[in-house]
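Q: Please build the complete structure, drawing on both the sequences and the hints.
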Amino acid sequence: MQLTVWTYEGPPHVGAMRVATAMQGLRYVLHAPQGDTYADLLFTMIERRQKRPPVTYTTFQARDLGGDTAELMKTAVKEAFERFRPQAMIVGASCTGELIQDDPGGLARALALPVPVIPLELPSYSKKENWGAAETFYQLVRALAGPQAPAPGSVTPRDPSRPAGERPSCNLLGPTALGFRHRDDVAEVTRLLERCGVAVKVVAPLGATPADIARLGEADFNVPLYPEVAASAAQWLKRAFGQPATTTVPLGYGATRRFVEEVAALCGFDPALLLAGEPSRLPWYSRSIDSTYLTGKRVFVFGDATHALAVARVAQEEMAFTLVGLGSYSREGAREVRQAAQEAGLEALITDDYLAVEAAIAEAQPELVLGTQMERHVAKRLGIPCAVISAPVHVQDYPARYSPLMGFEGANVLFDTLVHPLTMGLEEHLLGMFRDDFEFNDTAGPSHLGAGHTPPAERSAPEQPGSLPWSTDAEAELRKIPFFVRGKARRNTERYAAEQGVATITVETLYDAKAHFGR
Amino acid sequence: MSGAPLRAAPTPAAGCAERPVLRERGQREVFCGLTGIIWLHRKIQDAFFLIVGSRTCAHLMQSAAGVMIFAEPRFGTAVIEERDLAGLADANEELDRVVEQLLARRPDIRLLFLVGSCPSEVIKLDLSKAAQRLATRHSPDVRVLNYSGSGIETTFTEGEDACLAALVPSLPAEPAAADPSLLVVGALADVVEDQFRRLFDNLGIADVRFLPARRAGEMPAVGPNTRLLLAQPFLGRTLAALEARGARRLAAPFPLGAEGTTSWLKAAAEDFGVEPGHFSAMTRHARERARLAVARHRERLEGKRLFLFPDSQLEIPLARFLARELGMIPLEVGTPYLHRAILDEELAALPDGALVSEGQDVERQLDRCRAARPDITVCGLGLANPLEVEGLATKWSIELVFTPIQGYEQAGDLAELFARPLVRRTRLEV
Chain V
1 MQLTVWTYEG PPHVGAMRVA TAMQGLRYVL HAPQGDTYAD LLFTMIERRQ
51 KRPPVTYTTF QARDLGGDTA ELMKTAVKEA FERFRPQAMI VGASCTGELI
101 QDDPGGLARA LALPVPVIPL ELPSYSKKEN WGAAETFYQL VRALAGPQAP
151 APGSVTPRDP SRPAGERPSC NLLGPTALGF RHRDDVAEVT RLLERCGVAV
201 KVVAPLGATP ADIARLGEAD FNVPLYPEVA ASAAQWLKRA FGQPATTTVP
251 LGYGATRRFV EEVAALCGFD PALLLAGEPS RLPWYSRSID STYLTGKRVF
301 VFGDATHALA VARVAQEEMA FTLVGLGSYS REGAREVRQA AQEAGLEALI
351 TDDYLAVEAA IAEAQPELVL GTQMERHVAK RLGIPCAVIS APVHVQDYPA
401 RYSPLMGFEG ANVLFDTLVH PLTMGLEEHL LGMFRDDFEF NDTAGPSHLG
451 AGHTPPAERS APEQPGSLPW STDAEAELRK IPFFVRGKAR RNTERYAAEQ
501 GVATITVETL YDAKAHFGR
Chain R
1 MSGAPLRAAP TPAAGCAERP VLRERGQREV FCGLTGIIWL HRKIQDAFFL
51 IVGSRTCAHL MQSAAGVMIF AEPRFGTAVI EERDLAGLAD ANEELDRVVE
101 QLLARRPDIR LLFLVGSCPS EVIKLDLSKA AQRLATRHSP DVRVLNYSGS
151 GIETTFTEGE DACLAALVPS LPAEPAAADP SLLVVGALAD VVEDQFRRLF
201 DNLGIADVRF LPARRAGEMP AVGPNTRLLL AQPFLGRTLA ALEARGARRL
251 AAPFPLGAEG TTSWLKAAAE DFGVEPGHFS AMTRHARERA RLAVARHRER
301 LEGKRLFLFP DSQLEIPLAR FLARELGMIP LEVGTPYLHR AILDEELAAL
351 PDGALVSEGQ DVERQLDRCR AARPDITVCG LGLANPLEVE GLATKWSIEL
401 VFTPIQGYEQ AGDLAELFAR PLVRRTRLEV
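Protein chains in written order, with the numbering used here: chain V, 1 to 519; chain R, 1 to 430.
For the record, the hints were derived by calculation from the structure and aren't laboratory data.
Warning: the hint list may mix true and false statements.
[Unchecked claim] Straight-line C-alpha distance at most 30 Å; calculated DSS-like pairs for lysine-lysine:
1) R:124 - V:74
2) V:238 - V:297
3) V:51 - R:43
4) V:51 - V:78
5) R:395 - R:304
6) V:297 - V:380
7) V:480 - V:514
8) R:124 - V:51
9) V:297 - V:480
10) V:488 - V:514
11) V:380 - V:514
12) V:380 - R:43
A: Next up, the structure:
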């Protein structure tokens with residue numbers, strides 16, 4: 001058993017719902033007790049979807065358990081088919097449904113419905129939401145596109161040459177319902193590929209019908225936008241149809257360039273022309289001297305593996321921030337995150353315990369947190385600016401405006417997202433110079449974010465006094481140091497004092513230590 | 001106001017006993033009983049609710065409130081994992097470990113509820129035994145109780161019923177010779193509780209207690225001289241448990257609206273021998289204020305047709321209030337479960353044309369709702385936006401549970417909750 005307060009991911013059947021809800025013409029029958037329908041409101045409220053998720057719940061009760069829950073499942077499948085006439089169905093169980101072992105797949109098959117019925121095995125007690133989404137998408141792709149695949153052994157690598165006038169084509173794989181900016185990422189990447197002369201044949205699962213999934217094999221290559229969801233399906237398509245897949249996720253300016261180069265190599269065109277000019281404002285905005293104050297800002301990054309990795313890279317290479325923490329709740333992507341952390345001289349934090357993330361943030365004392373809604377709340381408590389860059393999502397993560405994270409426009413959005421929570425250059429200087437001003441000080445928060453934006457509950461939380469005594473003057477001097485580095489200054493000073501055998505820390509000791517450890 | 005007077009005393013069987021009830025079963029678009037923790041953990045300030053369940057339970061808890069609540073809550077989930085199921089780990093030892101971890105983290109906790117879920121019920125994890133074991137270990141600092149909020153046994157507000165019923169056996173015993181006291185049962189917003197306390201005080205009923213109390217150590221004593229008023233209509237099991245301890249229920253409609261509040265207070269006043277003249281004098285001002293506040297919304301709501309999907313069991317008293325004090329026309333009044341004995345007075349006061357339905361087959365109910373085209377539909381968050389897209393004005397039912405709506409001072413607010421969706425539609429020009 002694991003004590004959990006908040007979770008980064010739901011159970012795997014919620015992942016399956018994200019796939020089903022993204023699609024058209026598909027019905028998901030879920031063997032589940034009353035109450036599991038709560039998941040509907042994630043889609044209708046957080047994402048403001050205009051239709052109910054296409055999910056039928058069997059709604060078994062305690063009194064059914066001794067009787068025939070299997071019959072309930074069969075009735076639910078049959079009635080759902082008759083009412084909704086889907087092109088295909090998926091059937092499975094939620095955590096409690098799994099325990100009663102009714103074999104939803106076998107029961108549904110026994111009905112011999114005239115549409116494909118795909119059973120899902122999603123182990124609720126060991127797997128989580130993203131895994132569930134990936135597995136569901138993979139099973140759908142295998143079951144629906146499988147019949148179109150050439151015989152094993154006759155699969156050949158794709159020939160990049162094609163008849164004159166025919167454009168190369170690809171599929172975009174991985175966007176789901178309740179995804180973090182998936183709607184706008186799809187639009188932006190489609191636009192980018194159009195400019196490359198590449199047609200997008202199928203986007204799946206978002207907006208796809210089972211018939212669309214069946215023709216995935218027709219495209220020249222696949223673009224897995226969100227490896228968490230799309231990687232296993234893309235691998236299978238490669239084996240079954242010989243379709244190559246891009247490996248770069250176009251998140252950030254540099255990654256988008258590399259993505260275009262990768263697409264160019266797959267399609268056999270020269271990317272130089274496309275990449276010339278000013279496809280994004282990010283490089284100039286970052287080089288503009290106005291941004292100098294961003295140099296070396298200490299950032300802590302946490303999210304799903306794809307977003308955490310990409311944002312860590314953008315933060316370091318495209319904003320010149322300093323990474324002081326990197327982590328992810330996706331164990332599936334842990335290897336890459338560990339490697340990226342190591343390259344930045346850090347140890348990655350791979351955990352789904354938000355209390356551990358909170359402790360790591362308090363310890364690292366960043367000036368900016370880039371995380372999920374959980375980290376937004378942690379940062380708010382610690383009085384640190386924060387931007388949300390990854391799921392789990394909140395209603396605010398579905399902005400009315402166009403706001404992709406991918407592609408060149410996505411790079412622009414990322415620049416704004418990473419800069420806006422911060423105190424701006426000159427303001428920051430003035431705060432540093434006149435720390436005692438009763439109206440303008442570092443507890444008041446950035447002026448452009450409005451009054452009371454950052455009510456820090458426990459600013460002094462990370463400042464645990466050590467064993468060495470401080471003189472009153474030194475304590476007062478310490479308080480003139482910005483709060484986000486104050487704890488570190490205290491620790492460094494105490495370490496220095498201990499090493500030097502200083503009995504009482506004075507203002508002199510403080511500045512000696514500052515010179516000694518000099519940033 | 002319309003129809004026969006809303007009676008505090010039980011009415012003769014005429015009318016309500018014959019009212020046909022449509023019973024359905026099928027897909028239910030309702031929460032399970034765990035959801036009650038969302039308000040209970042704020043009501044009892046030194047209690048912690050530990051759900052023994054799955055990742056789904058934990059996910060429900062952070063999603064159900066519609067937005068994430070991010071102060072560290074006084075609830076959590078002990079998530080059952082593969083190794084607990086495979087017998088690789090002894091589930092009871094694991095639970096003990098999690099409770100140790102929790103109590104070490106929260107030394108301020110005085111009352112711990114182990115809350116059963118669908119998976120814990122299906123694998124037959126005996127939480128009452130676990131609660132006894134843990135109570136012995138952590139006594140006297142922490143009391144440990146258990147109840148089930150599982151979806152296979154409880155619907156939404158039935159979770160509060162199960163929780164309060166679990167509290168009853170541990171309530172202090174009131175001596176048989178004690179003076180009569182009044183026990184108000186059901187979690188109310190603190191502000192409402194304070195208002196009721198003042199009202200009872202003015203009436204001369206001084207010994208008034210509330211269940212649940214705000215702190216574990218302040219739970220009310222109960223005995224044969226306890227007279228109880230239900231503040232919520234979903235407390236059947238709690239009522240039975242209190243009656244088993246000798247308490248006597250004062251039958252009354254529920255304190256929604258000016259009329260409902262008056263009848264509810266009157267039931268206590270009559271039992272405690274308060275002079276009618278004194279009752280009238282002491283409530284007149286608040287009654288008038290409530291009537292005026294409600295009347296402001298009457299023009300907007302009168303004659304409007306109303307359809308309530310089942311959610312909290314508040315539906316029948318709500319429909320009664322909306323029909324009698326605002327002139328609305330209830331078409332269908334759905335309830336997840338119908339406690340006839342508790343709702344006798346309410347059912348009698350409901351207009352004859354209203355169809356009462358119990359249970360749910362959500363697809364069929366949606367068919368009926370679409371066919372009826374009501375002016376306002378009260379439903380859960382999973383249905384509201386899709387119905388709005390179909391052109392139906394909706395009111396989220398969950399807001400009726402998370403907002404102070406009982407009593408005189410909230411009667412106008414309650415009416416406004418129903419007027420707001422209609423006002424919004426007339427103001428928007430997009």
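Q: Now tell me if each hint is right for this structure.
A: Going down the list of hints, with the structure as the test:
Of the pairs offered as hints, the one joining residue 124 of chain R and residue 74 of chain V holds, with about 26 Å between alpha carbons and a cut-off of 30 Å not exceeded. With a CA separation close to 42 Å, the supplied pair residue 238 of chain V and residue 297 of chain V exceeds the 30 Å bound. Proximity of residue 51 of chain V to residue 43 of chain R is assessed by CA-CA distance (about 35 Å); at most 30 Å being required, the pair is judged violated. Our distance criterion of 30 Å between C-alpha atoms is met by residue 51 of chain V and residue 78 of chain V, whose separation comes to about 21 Å.
Between residue 395 of chain R and residue 304 of chain R the alpha-carbon distance is near 13 Å, which keeps this suggested pair within the 30 Å criterion. Restraint check for residue 297 of chain V and residue 380 of chain V: the C-alpha separation of about 18 Å stays at or below 30 Å, so the hint holds. Restraint check: the Cα-Cα separation between residue 480 of chain V and residue 514 of chain V comes to about 14 Å, which is no more than 30 Å; the hinted pair holds. Note on residue 124 of chain R and residue 51 of chain V: the hinted pairing is violated, with a Cα-Cα distance of about 37 Å set against a maximum of 30 Å.
In summary, the hint linking residue 297 of chain V to residue 480 of chain V is supported, as the alpha carbons are separated by about 19 Å, within the 30 Å threshold. Of the supplied pair hints, the one linking residue 488 of chain V and residue 514 of chain V holds, its CA atoms being roughly 11 Å apart against a limit of 30 Å. For a cut-off of 30 Å, the pair hint linking residue 380 of chain V to residue 514 of chain V stands: about 28 Å separates their Cα positions. Distance check on the hinted pair: residue 380 of chain V and residue 43 of chain R sit about 25 Å apart at the alpha-carbon level, within 30 Å; holds.
Of the numbered hints stated above, those contradicted by the structure are hints 2, 3, 8, listed in ascending order.
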